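Each protein sequence line maps, in turn, to chains L and H. If you use this note's numbering, the first sequence corresponds to residues 1 to 204, in order. If you use this note's numbering, the second sequence corresponds to residues 205 to 408, in order.
For the record, the hints were derived by calculation from the structure and aren't laboratory data. Quick caveat: nothing in here was measured; it's all calculated off a predicted structure. Yeah, the Cβ is synthetic: ideal placement off N, Cα and C, and Gly gets one too. Misleading hints may appear alongside valid ones.
[Said to hold, decoys possible] Which residues of chain L face chain H? A few of them, derived with a C-beta cut under 8 Å, are:
(1) Glu47
(2) Lys113
(3) Leu147
(4) Arg153
(5) Leu166
[Claimed, not checked] Think about it this way: if two alpha-carbon atoms lie no more than 27 Å apart in a straight line, the pair counts; the simulated BS3-like pairs of lysine-lysine are:
(6) L/Lys113 to H/Lys393
(7) H/Lys393 to L/Lys193
(8) L/Lys113 to H/Lys297
Okay, here's what each chain looks like letter by letter:
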Amino acid sequence: MSARRDAGFILYLPAEASGKRVDVQQSASAPAPPGGDGKNGVVPPFERIVADYGPLISRIAMSYEADPTLREDLTQQIFLAVWQALPSFRADSSLKTFIARVAQNRSISFVTKQVRQPRLAELPEKLEADTLNPEEEAIEMNEREMLLAATRRLPLPQREVIILVLEGFSYAEIAEMLQIAPNALALRLSRAKAALKTMLEQGA
Amino acid sequence: MTDFDLDRLGDVWRQQPDPAELARLQRTAIAVARRARLSAIVDICAAIAVGAVVIFLVVTNPKIQTVAMGTAAILVLLGSNIRLRKLRQVELKGLTGTTEEMLDQSIARVETTVRHHRFTLLVGPTAFLLSWVFAAVAIPRRDLVLGSLGDLVWFRPALFGIAVTAVAALVLYLIVNIRRGRRELARLKAMRDSYRQERESLTP
C-alpha cells in the first residue's frame, strides 16, 4: 500500500461531483477520475478511491439495504472488502468496474445473512440541491426514493443489471463484469426495465 | 413517475450526496482501513511474540520435551497462518468473481459450518459424558485437581451442575447456529437458483 494511505484523513473533491450525466454508451471514453482509474496499473491511494467512488459504494449499499443501521454496517464491510481486494486489482478492467463488482458481491453476501426481507423504508440521505428550488427538490427526492424502493424489490439478477446501468456502466462493461453474453444481458435488462417500469407506475 | 427513461433515471440515481455526507463516508472508510491495518499489525506482532517466547523457552530449557513442544507450537502457528491465508484468498476470489461464483463459495462455506456444528453436537455431549464417567470411576476423590475440595459433599454435584449447564449452553448454541445456517443456506440456494433460471431462460 502507498505511504499516502497512512497519511490520516484528507478530504478530496469527488470526481463525480460535477453532477454531469455519464452516457451509458460513452462511459468507456469518459475521462478518468483525477486519482486515476487504475488502468495504468497504478492503484490510487485509498483516500482517493473513497473520494472518487464513495458515492458509488454508498448507492450500491443503499440499493441492497434499506435499514440505516444495517446499511452503515454494509458500507463499512464494502470499504473493508475494497481495501482487502485492492492488492489483487489488475488493470484488465477499470478500477470503477472492479469496485462496483466487489461492492455488489459484498452486498449480496450481506443480504443473504439477514433473516428478514429488506425494508422499504425511509431514505435520510440529503441530496445536493444548489440548483433546485424546494419544490423541485421534493419531486427529485420522491423520484429517487421511489426508484430505490422499486430497485430493492427487483429479483437479484435483474437488480444487479439495473444498478450497473443506472451507475452509467456501458453494456460491454456490464457483460464483462457479470460474465454473460451481450444478448443475454440485453434480455435480462429488458426484463429488469419492464419490472421496474411496472413498479414505478404502481408507485413502487 | 410514468415516463420511463433510463438515462433520466440514471441522473436521478447518481445525484451526489452533500459534502457532509461525503466527509462522513471518508471518515468511515479511513477508520475501516485503519482498523484493518492495525489488525494486520497485531497479527504479525502476536506471531512474532509467540515465536520468540517458544524460542526463549527452548534455549533456556533445552530438553527433548521442550524442543518437541516448541516445534509443535511453531508448526501449529505456521499451519494456522497458512490456513488463514488460504481462507482469505478464497474470500477474495468470492469478492472479485461473478455473483454465481460468490454464491457457490458462500454455499460451500455455510455447508461446511453446518456440518462442523452437527459433528460437534454429536461428539461434544458424548465426550463430556464419557469423560465424566471415566472421572467418576477411575479418579479417587482426593486426586481431583482441587484436592481436599473433592471431600465436600456439595462439590461434585455443583461441579456436575456447572458442567451440565456449560454443555447444555453449547448444545443450544450449536442448535441455534445450525438452524441459522440452514436458513442462510436456503436463501443462498434460492438466489443461486434464480441466477441459473435466469441464465437458462436466456440461453437460446
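Hint by hint, here is what the structure shows:
1. Hint status for L/Glu47 relative to chain H: holds, with the closest Cβ pair at about 7 Å, below 8 Å.
2. Because the beta carbon of L/Lys113 sits about 6 Å from the nearest beta carbon in chain H, less than 8 Å, this interface hint is met.
3. Hint status for L/Leu147: holds, given a least beta-carbon distance of 6 Å to chain H, under 8 Å.
4. Against a cut-off of 8 Å between C-beta atoms, the interface hint on L/Arg153 is violated, since the closest Cβ of chain H lies about 14 Å away.
5. Restraint check, L/Leu166 versus chain H: the minimum CB separation of about 4 Å is within 8 Å; hint holds.
6. About 13 Å separates the Cα atoms of L/Lys113 and H/Lys393, which keeps this hinted pair within 27 Å; it holds.
7. Distance restraint check for H/Lys393 and L/Lys193: the Cα-Cα separation of roughly 25 Å lies within the 27 Å cut-off, and the hinted pair is therefore satisfied.
8. Under the criterion of a C-alpha separation no larger than 27 Å, the hint pairing L/Lys113 with H/Lys297 is consistent with the structure, at around 19 Å.
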